[in-house]
Amino acid sequence: MRILVVDDELHIRKLIAIQLQQAGYEPVLVKDAQEALSLLEDQEVSAAIVDVMMPGMSGFELTCFLSQEMDIPVILVTAKGQLEDKEEGFLAGSEDYLVKPFEPKELLFRLQAILRRYGKAQRQKIQLANIHLDRSTYDVAINDETLIIPMKEFDILAILANSYGQTIPRSTILMEVWGEVEEKHDFSLNTHIKRLRERLNNYGAKIEIQTVRGIGYRLEVVQ
Amino acid sequence: MKTLYRQFIQTSLLFLVLSIVLGIVLTNVYYLSFTKQETTAQNLERAQEVALTLEQMHGDTSALEPFLTSVANLGYQIALLDSNEQIKSFGKPFEDLTITDQARKVIEDHKIYTGETTGLSFFMTSHFSNRLSNTVGVPLEIDNQAYALYLRPDMNLLSSDIHTLLLAFLLSLAVVNLAGMLWMARQLTRPISLLQQAAKEVANDNYSHTLAISRPDEIGDLVHSFNEMIDRLRQNDVSRKTFITNVSHDLQSPLMNIKGYAELLSADSAEGSDQRQYANVIEREATRLSGLAKQLLLLSTLDQPVYQLNANFYRLDEQIKENVQHYRWRLDEKELDVRLKLVKGNVFADQELMNYVWDNLLSNAIKYSPQDSSIRIQISKEKDGCSIMVKDNGIGIMKTDLPHITERFYRADQSRNEEGTGLGLAIVKEIIHLHKGKIQFISRDGEGTQVVVYLPQFKEE
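Chain order of the listed sequences is R and C.
So the first sequence is residues 1 to 223, counted in full-length UniProt numbering.
So the second sequence is residues 1 to 461, counted in full-length UniProt numbering.
Just chain C, same shape as in the assembly (with noise of 0.2 Å):
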């Protein structure tokens, strides 16, 4: 795998020789067809002019290498050519002084000499080359003898410490501006492969992994995002492996207890009072097991992400009075009177649904209700909705265990409740928060129950 690191140094890079080539090749394209010709005529110009100057010695040969020498001493680089083929240099020596052709037509046919102009002289740097081909070359006659005179700049005493400067302030440029890339680039790409760590770690099911990154940018903000689904798997999985546990236990204990009991059944040994009491242990057992089996089915279509509520206005002080009425005999048994105060009214709901959180509530303030206690239901109008009340005089809720009681297989001390699944109440919050309403429990142990529902659409009748 090519790292992103390693792909931003190479393209970086790339990019600094790129542009160093195209700028080489554009000061060339500009040196070429500008600044060659202008130096060119300048230095043939200062050429033509030292020629002169010579002629008009008239025959004074003595004075021409002194003149020579300290012309080339202002910052040139000079040879002066006989016929008889001698040269004699001025100035810092050539490192090459093959005449050309080209240059000897200037002492052969009294022609100008504009340096090269094959191979390598379209290259600028022919421009700084030592090398006697590389200068201007102009005739001249002293006693009638014909000299050629060949002149170039000295490249090193023009460069100045102008250029030094600007060498070394490129230079620290090029080197700060990759350095800093680097830097930044190593910035860039270290939370992104601890990101892809992490991820492996949560595709391992292993929730554990936190990021201690904190940046004010988009990487800090995915990192954070990160983190938070990482919370919320690890809660999830928590949850998760926690149902399956308390799923397996519920199934597992009434299928023990049906088990058994059958085997003492069938053994023929028990008594008739026994056999009925094993018979009952059997129903009770089966009669939670197809309530488990239903809570379940509706638990797990509650959590669908889209659970389309099938919603519409309904008497809701007829829907719990039957709910009522179908416990009449459980009132009964226990000697219980309800008191009912209904306002009058629709409330937009779902029936079947809330046909359910009813009949919890009922059956739960009836299970833990004493004998010959008083149950009191009241649905008021508050604003727009509605609130519903369901007390009892029952053995109420323990403190420590209010803040539990809708969490799912949560069992308030298992001897008070050996009927129940631990689901009931998780369902009714449920169903009462698809409805965006509330729910509310307000108990103390020993001294009853209150359970207020919140529902926010109802229409008075």
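Chain R extracted, bound-state conformation (with noise of 0.2 Å):
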């Protein structure tokens, strides 16, 4: 997967490419807008990484082409946390904001986050008993808690939730989940369903995964 990464200073540059390289990305560097909108004309991208402050066209000019022009998933990366700016950054289309100086895993998991979410037809908000999913957020509100769960479980529940009442062969789970189906991962769902089931009934969620066996898995709800 190709990822832009637009930033003035070599040195970032380089340590982000590293990074995203180590994590199996294939990294686009350029050091400014300009660059970066000569080389689109004739490669594509799944997604930016653009820095705020750059000479020329500054970041958010640059996101908001990016996002609703060419429809490309862009985090913004600054070295202030001022809210101005993150505000600035949302309106202009940016899917998530990082501060300097980041964690490479933090940059990546929500590197993560975004391609799993940008540009699947799937709803972004799904309400089930006293349950609620937000994708873009990859929060769970159940009565007036708002719980917070590792993002695998999510992505599990998730599609459960988006075909209530219906058997997700485990196939399809792991096909979505872990972009392969792999007998290595059929040991780790078990071990996030069972976890999630926990989860749900420790904070009183109206629902409940039933196993349906030799096929996969079916999201109720309790009465």
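Calculated directly from the structure, the hints in this document are not laboratory data.
Backbone N, C-alpha and C define an ideal beta-carbon position, used for all residues, glycine too.
Errors might be hidden in some of the hints.
To be verified - Computed beta-carbon distance windows for the label pairs:
#, chain 1, residue 1, chain 2, residue 2, range
1, R, Gly-24, C, Arg-276, 11 to 21 Å
2, R, Glu-183, C, Lys-436, 55 to 65 Å
3, C, Pro-403, R, Glu-176, 30 to 40 Å
4, R, Gly-56, C, Phe-409, 23 to 33 Å
Said to hold, decoys possible - Some chain R residues close to chain C (C-beta under 10 Å, calculated; not the full set):
#, residue
5, Phe-109
6, Arg-195
7, Gln-223
Hints given; two lone chains; assemble the complex.
Structural data, given as structure tokens:
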């Protein structure tokens, strides 16, 4: 997956590139908005990481163009954590916002989250019994509480909730969440389902994950 | 240097002398303007009476001397001068029998003599001088012989016991007064000189000196304040020294690690996996140093006596959610879930500083939580304010550590907390105090930790 990195500082560009490479992405590096736009004329990218402070066209303007004209999700990066910047960034259409210095893992996590939700023809918000799922923030709301659960568990829950009442095959879940149907993920899926059930139970969710032997799982509302 | 004590004594003595001189001058003026004339007139009357009596005795000169002797015995000194310059004294004898020209006029010109008018006579003491010139004189004639009679009261006989008593009274008054003043001066100046010595000790960085003076007055208050000040200085000194020791230790050890592992890396002999490990150490230590530098800067800013909070109303629930979002990747790594129960509302606080607080509490909760456990965060309304609880199911805090965790550079059990600087919670506490809030830690070893922050100004949405 090709990721565009726009930053005027060589070392930061390189650092981000190395981290992206290690995570299996293909980084494309440019130093300003002008270069980014000319590069995009003959290359396609899945997402962009854009620095706010750049000579020439600012990160906000570039974000606006990328998200609205080219439908590319953008993560904005800035050195200052000011609220106005954050707001301006979201107004410009950025998907997420990172403040320097950030942990490489944080960047990768957010990139992954954006790529997962972006462009998928899924409902962003799902309401089921006393549960409310928000795909844009990965929040689960139960009654008046908000529950933050690991991303893979959220994905599984969202898939089940999206087709509530229907049985979803294991292979479908594995494909959607892990990107491949391999035996090595089987155990993982079992563990995640087990934990998900515990958490839903702990927090008083009025839904239940039922196992359909030999096929997969089904979400039911508990009376 | 002129000591206070000496100044006090000198001043009191000076005033004593001045008051005596002034007293003498004033009584002298009074004596000259009233008393002297009166006594002279009185004495003159006595002398004329005596002279008249003598003249009426008509030539009986044999009775002259016994008469004058008996008059003298009533308390007078008498001298009788005849035309042959012969003087006869009665009563206590005169020390000086010189007859001045003025006095001689009594016998030569039959004029009354009213005592000395020149020189020392203006001074009151002349009243007491035992001279012939200090008398009143009247002329008299017995058997056609001219005489002059000089008379003055005998002071020795007149001064009675009451005078002695009065004198003794005055003397003892003066002595007691003087002694009392000296004692008082000593009482006042002694603690001051002790204070001065103590202040000198403090100037030399010696804070072990406290003053054992207890008095219910201003000096006592001063000593009390002084002792309090020394106590405070001593505490500051101790914490300053520990702070410096800690800072230098905390700066030195990561630097030593970085230097050591960088040397190992450049030595080329290390295997690939070792190299990665060394690089990890260097990275971790650099992160620690950077964190420490930031925290020290923040702490020294907060320590300023007049730190201005940049406070306004903002959505607390959103701020906490954002902080949780920030740590999503770490929550995912540890497969933790976070249960948020947030009352929506605006808190009056410094947003930047509070960000630091939530970041710190949350990262601690994550750090000490075991894999696959749960963290709870709750905002609840309380009177005018709100309380925020962050609860984990982690390793907890040992009872012996609990009272110290907000102290600067305090680290509970080194092995548990190798990333920390020991400043995080100290800063958190400082920030909460700046907001006039409260922070409380409830924890037991192995049973998780619950942190409750109270902020006094909160408006529910």
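Comparing the hints with the structure gives:
1. A hinted range of 11 to 21 Å holds for the C-beta pair Gly-24 (chain R) and Arg-276 (chain C), which are about 19 Å apart.
2. The hinted window of 55 to 65 Å between Glu-183 (chain R) and Lys-436 (chain C) holds, with their beta carbons roughly 60 Å apart.
3. Checking the proposed 30 to 40 Å range against Pro-403 (chain C) and Glu-176 (chain R) shows it is violated: the Cβ atoms sit about 51 Å from each other.
4. With their beta carbons about 47 Å apart, Gly-56 (chain R) and Phe-409 (chain C) fall outside the hinted range of 23 to 33 Å.
5. The interface hint given for Phe-109 (chain R) holds, since its Cβ lies 3 Å from the closest Cβ of chain C, which is under the 10 Å cut-off.
6. Given the 10 Å rule on beta carbons, the hint for Arg-195 (chain R) holds: about 7 Å separates it from the nearest Cβ of chain C.
7. With a cut of 10 Å, the hint placing Gln-223 (chain R) at the interface with chain C is violated, because the nearest CB-to-CB distance is about 24 Å.
In the structure shown, a violation is registered for the earlier hints numbered 3, 4 and 7, in ascending order.
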